[in-house]
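*Asks:* Each chain is listed here by its residues.
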Amino acid sequence: MRYRLLLFAAALLAAAALARAESPKPGDAKPADWRPPFEVDEETLKVLEESYRAGAYGTPNLPLKTDENYAHTPRDVEPFRGTPPHKRHFLEQMEYTGPGRAIPEPAEVKTVKIGFIGPIEPTVSVATGGKSHEEALGIPMLRGCQLALEEANAKGGYLRRKIPFELVVKNDNGLWGSSGNVIIDLAYKDEVWAILGTIDGANSHIAIRVGLKIEIPMMNTGDTDPTFIETNIPWVMRCIGDDRQQCYLLADYLYRKLGYKRVAIIRASNRYGRFGVREIRDASRRMQNPIPVEMAYQLTTEDFSLQLERIKASKAEAVVHWGDADHGAKILNQMRAMGMNQPYFACDRCCSEEFVKIAGKNAEGVVCAYPWNPDRKDPKLDAFRAAYRSRFNAEPETYAAHAYDGMNMVLWAIQVAGLNRARIRDVLAYRTKPWPGVTGDIRLSACLDDIGEVYLAKYEGGRWHYYSREDLQIPRGPQRAPGDHGEAVAKD
Amino acid sequence: MRHRAVILIVALAIPIAAWSAEPASPPPASQTQAKGLPYVYTNWKHITKADGLPNDHIFAVKADGPRVWIGTEDGLACLDKRTGEIRSWVYKDENKDGKEDTGGLPWKVVTAIDVDPKTGDVWLGLFGGGLARFSAGRFDHFHQLNSGLVSDVVYGVAIENDNVWAATTAGASRYNPKTGQWTIFTEKNAPMEEIWNYGVAYHKGKVYLAVWGSGCLEYDVATGRWKEYLDPDGEMEIDLHRDDGIIHVIVTGASPVDGALWISTYFGTCRYDGRHWRGFYAHETGLPSDFTNNVKARSADECYFAHDKGLGVVADFPTESVVAYTRDPKTLRGVAKVYQHGKHLYTVDMEKGVPHNFIIALDTDGNDTWVGTSKGLGWAIGTGYYAGVKENPEWLSKAKPAPSATASAK
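The listed protein sequences correspond, in order, to chains A and B.
Under this note's numbering, the first residue of the first sequence carries the number 1, and numbering increases by one thereafter.
Under this note's numbering, the first residue of the second sequence carries the number 1001, and numbering increases by one thereafter.
I should point out that these hints are in silico values taken from the structure, not numbers from a laboratory.
Heads up, a few of these hints could be off.
[Stated by the list, open to error] With a cut-off of at most 25 angstroms between alpha-carbon atoms, the simulated BS3-like pairs for lysine-lysine come out as follows:
1) A:Lys46 x B:Lys1309
2) B:Lys1352 x B:Lys1045
3) B:Lys1330 x A:Lys65
4) B:Lys1092 x A:Lys189
Just chain A, same shape as in the assembly:
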């Protein structure tokens, strides 16, 4: 009888425990081989441990990144700066709160697939109403990815299982939201672990909307549209300085350094042009130098006289162009032919050999915003250049270099985290140290955007020279003091 009662008591205990702890248990234990296959710093180990511990129902017990102000926006360039906003967005890192961290790794995989989407094949373009125009950017982006992946495979591939990485390449043809279909194919049919791409702002937006639903890490290395990251998607990160950063530097140079008062804008009539100039237009107005005229041109046009006549009539002291390199150079040539000698400023796409080839001697003195400094002395950059030249018999440019960095970040994250999309995301998203890239240190903000330094490129003496803010002694606008969020107090 005594034993039966004790047995009953034990059964009671077990039943209560079972009732309380539903399977699967929160914070399932790490597998025996959870440690990365190479040495990583303590912070990364902690992120990985916490990512495992979060399990299906929790989130990593890690501090979220916070920023004092969004994108280093100077105080005098903030929107509605006279009125504290009710709410400021993008100051605290988004969390991924889904159950993805508990998805078990697949038992059998032959290769570790990573998706690539970019404009690499000619097609019809909605933006141009004719031939597509971004292959010149997409092909180097693909090459940068290929090089990073081939180097990883040469070092043993995916080290946890000793299998190669594989790049699944898709063309971004930009028609009718096709980038969404591509992301779905990559995720559900090809079963990739992360995706890199693309360049066009609209297509990138479509891609990340799909990526959010699917829950897959999306690394962007070529879309400089500021709104790309302003979407609160915890799966998206970008490793290139965007047009917001580039516009801020350009505006500081135009107004705080050079003292212009009337700067005209000419831009492409597409999303790149429309969103690219938004920050310089707003910054100009907020710095008491409103843009006297902003002219858009169709991408099919060769004659810019209508736009330039208006700009000429506006008595602009300088002209800013936002669009592709060929258009930028043709506009510059027509300006000079019309006797317009205003200084010419442009976006990073114009800092290219194509621009110089078309503009000829008119290129002298042109200043472009640029997301990095290719003249930087860095053995990593030298090695990348040498490897790229050797592999592709071409000079690596900005899209190749950023893609190389972005792909290396993704490869590192997969090696560290293993085959789990949420953990791959975590080791990148919670990383606080800058990534030492060939394009420089890549520091991700609270909304996982590259907020490292951007530069100005000047064409002088037959080549581009790159200058930092410090090099040109460009004054910086007033920044928020720590703790000053300027929040309005909500009153009901």
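Given chain A, put chain B in place with the hints provided.
*Replies:* Structure of chain B alone, referenced to chain A:
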């Protein structure tokens, strides 16, 4: 000896019972609000793969009489509420040619569902697979290459009279199955600054499109005219004034009912009564989060929000009563927190609540509510449901008062 053993069992049983049930002490009477308190769902069922769902990642749920249609990341299911029986359909590609087998579910990821009240046809939005009609046991497939569907990436579906609307990543499409006519709405013929449609809803002669980057668009079926609802400050990184319009232009859902339009965004939620806007932020209301995947209104005063950190309910708009349902990640028990005017008043501990805190899809169903999460479907059973607020509701006996009922929500 026998007595000692009995004592041991009792001694063991008491703390066990206390530990597992965690009964709440009755709240002080002074804390019961004079205006009353909202309804709290305390009876939940979880429906998962173990019960017969094809997948636990729930993207869509639609109640239709005794049937509940469930769209998952890997197939479609139908639950019979009366029997608990679940039927399911999965995408099959037996010959591996990349195309669905004839007559079967055309694609595995079901992101939207609506049921035509006239015909009983079930319309499915497929994520990357277009649109499907399930009728008489057969699936008919509409996609970019065989119809006027503007994109195969479908986020939302709604029935409007004889028409079926599909919100896609490249615009909206309207299809009339009687005439076979398709109409496409993009930036060319609608006020879409961006064409990335996220949701669609129909109510009393008007179609509402939730558009990522273009706010909420209202289409008057009779006149063919559009009306835009946008964030007046026009800025992505701030909301200048809370109650001046839509919280943010990245709109994820719209739910019109009884003269009120409820809207969800990734930055907060809001309500419009035709004259006044009211924004809801988590830090002011007690809603679990600002990141909101979806919205479903039961009335002009009651609305359900699918957040990434739980289910948020504006349970009674006039009294600003909010209930936040979450699942405790440590105990896995359900938790409901009751707020009024942003002040946390009570916490109700439950054996079960929402199946997971990442809420994706919602539907109201009489007194019940269906909650699709990224890890199972929740059935909130509305026994004793009441609209608005009432004094001393039944759940109060299971509730614990908040540590400081006068403290702010968070």
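*Asks:* Please go over all the hints and tell whether each is borne out by the structure.
*Replies:* Results for each hint:
no., hint, result
1, A:Lys46 x B:Lys1309, "23 angstroms, holds"
2, B:Lys1352 x B:Lys1045, "7 angstroms, holds"
3, B:Lys1330 x A:Lys65, "24 angstroms, holds"
4, B:Lys1092 x A:Lys189, "13 angstroms, holds"
When held up to the earlier numbered hints, the structure conflicts with none and fits them all.
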